[in-house]
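S.K.: For reference, the chains in residue letters:
Number of protein chains: 4
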Amino acid sequence: MKLKELREQVCEANLELDRRKIVVHTWGNVSGIDREKGYIVIKPSGVSYDKLTPDKLVVVNLADGKVIEGDLNPSTDTKTHLVLYRAFPTIGGVTHTHSAYAVAWAQARKEIPCFGTTHADYCHGAVPLTQPLTAEEVAADYEGNTGEAIVRRLGNENPLAKPMVLVAGHGPFTWGKNAPDSVLNAVFLEEIARIATTTVMLAPNAGPVEEYVSEYHYQRKHGPGAWYGQKKG
Amino acid sequence: MKLKELREQVCEANLELDRRKIVVHTWGNVSGIDREKGYIVIKPSGVSYDKLTPDKLVVVNLADGKVIEGDLNPSTDTKTHLVLYRAFPTIGGVTHTHSAYAVAWAQARKEIPCFGTTHADYCHGAVPLTQPLTAEEVAADYEGNTGEAIVRRLGNENPLAKPMVLVAGHGPFTWGKNAPDSVLNAVFLEEIARIATTTVMLAPNAGPVEEYVSEYHYQRKHGPGAWYGQKKG
Amino acid sequence: MKLKELREQVCEANLELDRRKIVVHTWGNVSGIDREKGYIVIKPSGVSYDKLTPDKLVVVNLADGKVIEGDLNPSTDTKTHLVLYRAFPTIGGVTHTHSAYAVAWAQARKEIPCFGTTHADYCHGAVPLTQPLTAEEVAADYEGNTGEAIVRRLGNENPLAKPMVLVAGHGPFTWGKNAPDSVLNAVFLEEIARIATTTVMLAPNAGPVEEYVSEYHYQRKHGPGAWYGQKKG
Amino acid sequence: MKLKELREQVCEANLELDRRKIVVHTWGNVSGIDREKGYIVIKPSGVSYDKLTPDKLVVVNLADGKVIEGDLNPSTDTKTHLVLYRAFPTIGGVTHTHSAYAVAWAQARKEIPCFGTTHADYCHGAVPLTQPLTAEEVAADYEGNTGEAIVRRLGNENPLAKPMVLVAGHGPFTWGKNAPDSVLNAVFLEEIARIATTTVMLAPNAGPVEEYVSEYHYQRKHGPGAWYGQKKG
Chain A
151 MKLKELREQV CEANLELDRR KIVVHTWGNV SGIDREKGYI VIKPSGVSYD
201 KLTPDKLVVV NLADGKVIEG DLNPSTDTKT HLVLYRAFPT IGGVTHTHSA
251 YAVAWAQARK EIPCFGTTHA DYCHGAVPLT QPLTAEEVAA DYEGNTGEAI
301 VRRLGNENPL AKPMVLVAGH GPFTWGKNAP DSVLNAVFLE EIARIATTTV
351 MLAPNAGPVE EYVSEYHYQR KHGPGAWYGQ KKG
Chain B
151 MKLKELREQV CEANLELDRR KIVVHTWGNV SGIDREKGYI VIKPSGVSYD
201 KLTPDKLVVV NLADGKVIEG DLNPSTDTKT HLVLYRAFPT IGGVTHTHSA
251 YAVAWAQARK EIPCFGTTHA DYCHGAVPLT QPLTAEEVAA DYEGNTGEAI
301 VRRLGNENPL AKPMVLVAGH GPFTWGKNAP DSVLNAVFLE EIARIATTTV
351 MLAPNAGPVE EYVSEYHYQR KHGPGAWYGQ KKG
Chain C
151 MKLKELREQV CEANLELDRR KIVVHTWGNV SGIDREKGYI VIKPSGVSYD
201 KLTPDKLVVV NLADGKVIEG DLNPSTDTKT HLVLYRAFPT IGGVTHTHSA
251 YAVAWAQARK EIPCFGTTHA DYCHGAVPLT QPLTAEEVAA DYEGNTGEAI
301 VRRLGNENPL AKPMVLVAGH GPFTWGKNAP DSVLNAVFLE EIARIATTTV
351 MLAPNAGPVE EYVSEYHYQR KHGPGAWYGQ KKG
Chain D
151 MKLKELREQV CEANLELDRR KIVVHTWGNV SGIDREKGYI VIKPSGVSYD
201 KLTPDKLVVV NLADGKVIEG DLNPSTDTKT HLVLYRAFPT IGGVTHTHSA
251 YAVAWAQARK EIPCFGTTHA DYCHGAVPLT QPLTAEEVAA DYEGNTGEAI
301 VRRLGNENPL AKPMVLVAGH GPFTWGKNAP DSVLNAVFLE EIARIATTTV
351 MLAPNAGPVE EYVSEYHYQR KHGPGAWYGQ KKG
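Residue numbers (this note's numbering), protein chains in the order written: chain A, 151 to 383; chain B, 151 to 383; chain C, 151 to 383; chain D, 151 to 383.
No lab work stands behind these hints, which were simulated from the structure alone. All values reported here derive from a predicted model rather than from experimental measurement. Where hints are given, some of them may not hold.
[What the hints assert, rightly or not] Subject to a maximum C-alpha distance of 30 angstroms in a straight line, what follows is the list of computed DSSO-like cross-link-like pairs (lysine-lysine):
(1) D/206 with D/152
(2) D/216 with D/312
(3) C/312 with D/260
(4) B/327 with A/201
(5) B/327 with C/201
(6) B/171 with A/327
(7) C/152 with C/201
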């Protein structure tokens, strides 16, 4: 993909965040990567969605975080994105939002159990929650260490099977095979979090759905022989 | 009704799901049946609503589930639809969604009691909840057995008087005399579930409305001498 | 006001219900009265808002409920409206909805305490709740007796100071000096009910706002020397 | 800034309240100040947003509250705005709304703890709650004393670091460096209050985010060397 196309795709993905109404004001950022050339394209910091155009996006070097192209400052969360791209070589896009229900679970410091098939269709198992950062980690490199906390929490799990996380006291990060896919996962996480909130209000002791059901749903969509959609199994 | 018209009606019903904002992304599917010719028309799997046109719908044989017409794969939930059409000869349309409040009750594994007249106007008695499937049922034929669990739960009740069900850990299925009617029942179920959620939050011990009131409301709209609307009693 | 204008005003008021998004489908009806000529104009039964035009409204005699003009059946709630117009001579419009939060309080069978100034601005004291109807009242004249239950509950209170009520297990009725005013009160009641729901979730033992504050707010807007808005005090 | 421009900016800020859907009907008002000339421009009382134009705004003298220009009555909350402008010399705009979640916290009479970074980005520490007014304060000068209660509650805090307050039993006031900024703070407060509501429902004993995290976020956006956005640090 040429840089021009990547700029357009990432710009469109940022605007989609706004259209899906899961961000307020400038609260969110999306990036996409070109693995061959070793750079990412990311939203500039604090620019509102109605003024965002592909040429305003910032190109940042994957290896050292230096700005390669662009007059504006990149998102203050850029370092977090970079850590994720370096740790998860299969992902192509990252999204950060402050969507209300996902943030509430992050503030409540609770993982979201897999209560049903809606969840199972998009995330394998519970939506994980990071450990809080220490004062030292915040002082030394807050954004970078936020990424490290996510990577530690994911551990050996396949990031494309668990494409979402809650940063304790902060909010969600999601990723995917490219920028638009990471935005869809942000939308799905918010809906999953919203439904889970109502679930625990109706049944405080609700448990996860039977594992053979969630496993079936996940495999139907994402397993090696997935038969959901129009892909050839 | 000609196939062309049925395609248009079912396509329009699928789009109505999206317009009523009770589905996110591609999460939902609607079908309609031609009882004389013995086939159903259903949404293709994983196609987003903004790309759905009547010619993309898939025609499936009622008797054996084979695709009669259409290049795309039918919804992965097709087998569930077929089981319902076979068991309930009076219904003409089926809708499945992941609408948030209905899913939350399904995840909380609770029936929705008939708390008031809004509910009574559209569903005779509580909105029922299926038994969970066993691991064997999931392994053998998940979608077909989901339909069977619904049929078992409905038992001897009139499916047009109780046109909605919650599948435990999964979400709602609704039906009606045709596809648009099944969509309306999905919309009504979501609103009923939303109001019921607030009701139990305000009064955890709330009980159903007096049966003579719910019966009166139901008969006013759906009984043999119904006088609601513009039909002649 | 001429009949043509009253038809237009009441039609517009019904459409406003839909635009304010406090009704789903056909769930609501608004009427207006011409006291001099002794008739009311009301929504026809079960007609959806996108097909409603002034000429489709039904004119009904105040004294005996007979249809004076119109080919369609009037709302099934017409008798309730008539009882209210007869008992409250100062009101000029009546609205009935199934708006979600107001219905939830009606289903929870709880009055809405005056928790704050938002409430006090539009309703003097708690939003009252009717007693449930008996089986005999339902069998004899459900809609008329619903009106009687409201009138009994209001007692000696000024209906323009308390322009809203919750019918137990059913939902809200509101009224005002004319049809548009009754719709505004339905909108305000829904917002009051929504805020009150969150209030009791945050503070289950929340009490009403100090009476000298609610009284001040109510008088500022509706008292004899009201100075809110652009009316001359 | 010329009066004409201030009128346009304040009018636009009032309309933004409506567009952001945090006000119902006429429930809200925004003002802006010209410190040099010593007057404020404020919304007229009880005028709906679809009829609001810059020339309908009212110009009021900061020193004595007299109307300098305008045929309409200024907002009944004008005195509260004036007290805030006099006490907080660094602010340039004030907004009052009855947005649902902020009002619910005000009615529940609870401060909103700083549960996470979404909050920390816009308000330094908890969103404060005023003491209730006494009957004497209400009788003597309700609107003026509402302002005084806010000022007392803010105490020595920097009003631009804590640009929001909940008036007990009433609702929120927010401010900022100008009118549009005060509206943004009203939007942010509503979102903060909404997320905080879900947080306490999920975790009734949730505590504030670690102070070194909230402090970091606040300084990143608003501290002396802020590096968020496109301003030069």
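S.K.: With reference to the structure, classify each hint as holding or not holding.
M.R.: A quick look at each hint next to the structure:
no.	hint	result
1	D/206 with D/152	holds, 16 angstroms
2	D/216 with D/312	holds, 29 angstroms
3	C/312 with D/260	holds, 28 angstroms
4	B/327 with A/201	violated, 48 angstroms
5	B/327 with C/201	holds, 22 angstroms
6	B/171 with A/327	holds, 27 angstroms
7	C/152 with C/201	holds, 23 angstroms
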